[in-house]
Amino acid sequence: MPDRIRLKAFGMLAEKIGADSLEIENPGSSETLRRLLLEQFPALQPLTFRMAVDRKLIQAETDISAGQEIALLPPFSGG
Amino acid sequence: MPDRIRLKAFGMLAEKIGADSLEIENPGSSETLRRLLLEQFPALQPLTFRMAVDRKLIQAETDISAGQEIALLPPFSGG
Amino acid sequence: MEKVRSPKNIFVQGPILAEKIAQSIANHATKTDIGGHSIFLGQIRADEKPEGKVIAIEYTCYEEMALEKAFEIREDIFAKYPLTCMHIYHSLGEIKVGEICLFVFTSSKHRKAAMQACDELVERIKAELPIWGKEILDSSATQWKVNT
Amino acid sequence: MEKVRSPKNIFVQGPILAEKIAQSIANHATKTDIGGHSIFLGQIRADEKPEGKVIAIEYTCYEEMALEKAFEIREDIFAKYPLTCMHIYHSLGEIKVGEICLFVFTSSKHRKAAMQACDELVERIKAELPIWGKEILDSSATQWKVNT
Numbered sequence: 000m001p002d003r004i005r006l007k008a009f010g011m012l013a014e015k016i017g018a019d020s021l022e023i024e025n026p027g028s029s030e031t032l033r034r035l036l037l038e039q040f041p042a043l044q045p046l047t048f049r050m051a052v053d054r055k056l057i058q059a060e061t062d063i064s065a066g067q068e069i070a071l072l073p074p075f076s077g078g
Numbered sequence: 000m001p002d003r004i005r006l007k008a009f010g011m012l013a014e015k016i017g018a019d020s021l022e023i024e025n026p027g028s029s030e031t032l033r034r035l036l037l038e039q040f041p042a043l044q045p046l047t048f049r050m051a052v053d054r055k056l057i058q059a060e061t062d063i064s065a066g067q068e069i070a071l072l073p074p075f076s077g078g
Numbered sequence: 000m001e002k003v004r005s006p007k008n009i010f011v012q013g014p015i016l017a018e019k020i021a022q023s024i025a026n027h028a029t030k031t032d033i034g035g036h037s038i039f040l041g042q043i044r045a046d047e048k049p050e051g052k053v054i055a056i057e058y059t060c061y062e063e064m065a066l067e068k069a070f071e072i073r074e075d076i077f078a079k080y081p082l083t084c085m086h087i088y089h090s091l092g093e094i095k096v097g098e099i100c101l102f103v104f105t106s107s108k109h110r111k112a113a114m115q116a117c118d119e120l121v122e123r124i125k126a127e128l129p130i131w132g133k134e135i136l137d138s139s140a141t142q143w144k145v146n147t
Numbered sequence: 000m001e002k003v004r005s006p007k008n009i010f011v012q013g014p015i016l017a018e019k020i021a022q023s024i025a026n027h028a029t030k031t032d033i034g035g036h037s038i039f040l041g042q043i044r045a046d047e048k049p050e051g052k053v054i055a056i057e058y059t060c061y062e063e064m065a066l067e068k069a070f071e072i073r074e075d076i077f078a079k080y081p082l083t084c085m086h087i088y089h090s091l092g093e094i095k096v097g098e099i100c101l102f103v104f105t106s107s108k109h110r111k112a113a114m115q116a117c118d119e120l121v122e123r124i125k126a127e128l129p130i131w132g133k134e135i136l137d138s139s140a141t142q143w144k145v146n147t
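Protein chains in written order, with numbering that gives the first Met the number 0: chain A, 0 to 78; chain B, 0 to 78; chain C, 0 to 147; chain D, 0 to 147.
So that you can see chain A by itself, here it is in the shape it has in the complex:
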């Protein structure tokens, strides 16, 4: 099985990335992923965002395994 992950982007982040879903090679950790994204999509640099791994918000650097669902979440604005 190739070491790939699914990436979902929401709200303003999906607009800046130009897609709401990507499949990429697993960068191994959330902080490595964040660095790669900011390099590849400089428009993300001024933005605040959090990440969820398998639908749970992460609070600190987290290892990422193949097959996991990673989500890029701008500040929530429901209600």
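These are computed hints drawn from the structure, not numbers from a lab.
Treat the numbers as computed from the prediction; the structure is a model and nothing was measured.
Warning: the hint list may mix true and false statements.
Claimed, not checked - As a list, the in silico DSBU-like pairs of lysine-lysine whose alpha-carbon atoms are at most 35 angstroms apart:
{"no.": "1", "chain 1": "C", "residue 1": "K7", "chain 2": "B", "residue 2": "K15"}
{"no.": "2", "chain 1": "C", "residue 1": "K111", "chain 2": "C", "residue 2": "K30"}
{"no.": "3", "chain 1": "D", "residue 1": "K79", "chain 2": "C", "residue 2": "K111"}
{"no.": "4", "chain 1": "A", "residue 1": "K15", "chain 2": "D", "residue 2": "K7"}
{"no.": "5", "chain 1": "C", "residue 1": "K111", "chain 2": "D", "residue 2": "K7"}
{"no.": "6", "chain 1": "A", "residue 1": "K15", "chain 2": "C", "residue 2": "K108"}
{"no.": "7", "chain 1": "D", "residue 1": "K48", "chain 2": "D", "residue 2": "K125"}
{"no.": "8", "chain 1": "C", "residue 1": "K108", "chain 2": "C", "residue 2": "K52"}
{"no.": "9", "chain 1": "D", "residue 1": "K30", "chain 2": "D", "residue 2": "K108"}
{"no.": "10", "chain 1": "D", "residue 1": "K133", "chain 2": "D", "residue 2": "K48"}
{"no.": "11", "chain 1": "C", "residue 1": "K30", "chain 2": "D", "residue 2": "K7"}
Based on these hints, arrange chains B, C and D on the given structure of chain A.
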């Protein structure tokens, strides 16, 4: 003009007095009125009630003038 | 600009119907400065008492005093919170278990004012309005409700 | 007896209609252990922005995460307050000014639990559910909503 007042009774007090409205001679003050009522209607003695003069709750002994509307108010239980 | 308000009737004969609540909500769709509505509904509970189960409450009031007091409470709450709208309805007469007897509705630009005002209104309505509820039990006995 | 609960859909396509709210209220008339209902409604406001006036908000969400989180919030609130019922509905898609986009409904024996639970639910929904609102302005510009 005779020195009389209108007395209204509500809720449990109207039941105990047997009427929801009385016209009586002006006793002159709220405390005198309370004493007269407890004498005339002993069933009121165990009950807690407040009085309103012209639709305002009174907090202390209050003079009563002819023509005023006095109300006997058991504890409120709206809502 | 200050709007001059005068006492309004808050009393409704019989239960407050869900359709009336819906109509009241729908009436606010044109007020586009409102961001949040807070609603409290009082419903008659089938409490078990030593003398029997409550099947209805019959409400009576000292109407003139209640309307003056309700007006005073409205003015206080409008002065204290930045509200767009405030509505109070209380039932009179016999209201059966499961039916609605109190409807308090506040609206404001931001949610907190509406919520805090609604809570405070309900507390003051229960504590300060001369309204009395007589509980009617399934044994046909009656007893006067006590607010806790 | 503990009732086992499972995640429920909280999302509604389009605005929440007054008739739906009325139906939801009416559905509780048979629950005669309820004494108080607390309802919060979020309504779209015609805010003035430098780039134009808001005419609608388009809501999107991360649905699987939002439903898991909403379930967790429900369980927390049921554990914390003695509630009889709790309902949460949030709109998705384009909701116009004056329309309702959030409906939170709590019921309990005594009023305070319903009121406090409703307030806390609204705070947690706004802070914790992955939902995003894009404001559509009358200039055709759009901008992402920021919760304050």
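Verification of the hints:
Taking the CA atoms of K7 of chain C and K15 of chain B, the gap is near 32 angstroms; set against the 35 angstroms cutoff, the hint holds. Restraint check for K111 of chain C and K30 of chain C: the C-alpha separation of about 18 angstroms stays at or below 35 angstroms, so the hint holds. For a cut-off of 35 angstroms, the pair hint linking K79 of chain D to K111 of chain C stands: about 21 angstroms separates their Cα positions. Among the hinted pairs, K15 of chain A with K7 of chain D is consistent with the structure: their alpha-carbon atoms are about 32 angstroms apart, no more than 35 angstroms.
For the suggested pair K111 of chain C and K7 of chain D, the alpha carbons sit about 27 angstroms apart, so the restraint of at most 35 angstroms is met. Only pairs whose Cα atoms come within 35 angstroms are accepted, and K15 of chain A paired with K108 of chain C is accepted, the gap being roughly 31 angstroms. About 21 angstroms separates the Cα atoms of K48 of chain D and K125 of chain D, which keeps this hinted pair within 35 angstroms; it holds. The straight-line distance between the Cα atoms of K108 of chain C and K52 of chain C is roughly 43 angstroms, outside the 35 angstroms bound, and the hint therefore fails.
Between K30 of chain D and K108 of chain D the alpha-carbon distance is near 10 angstroms, which keeps this suggested pair within the 35 angstroms criterion. At roughly 13 angstroms between alpha-carbon atoms, K133 of chain D and K48 of chain D fall within 35 angstroms of each other, so this suggested pair holds. The straight-line distance between the Cα atoms of K30 of chain C and K7 of chain D is roughly 32 angstroms, inside the 35 angstroms bound, and the hint therefore holds.
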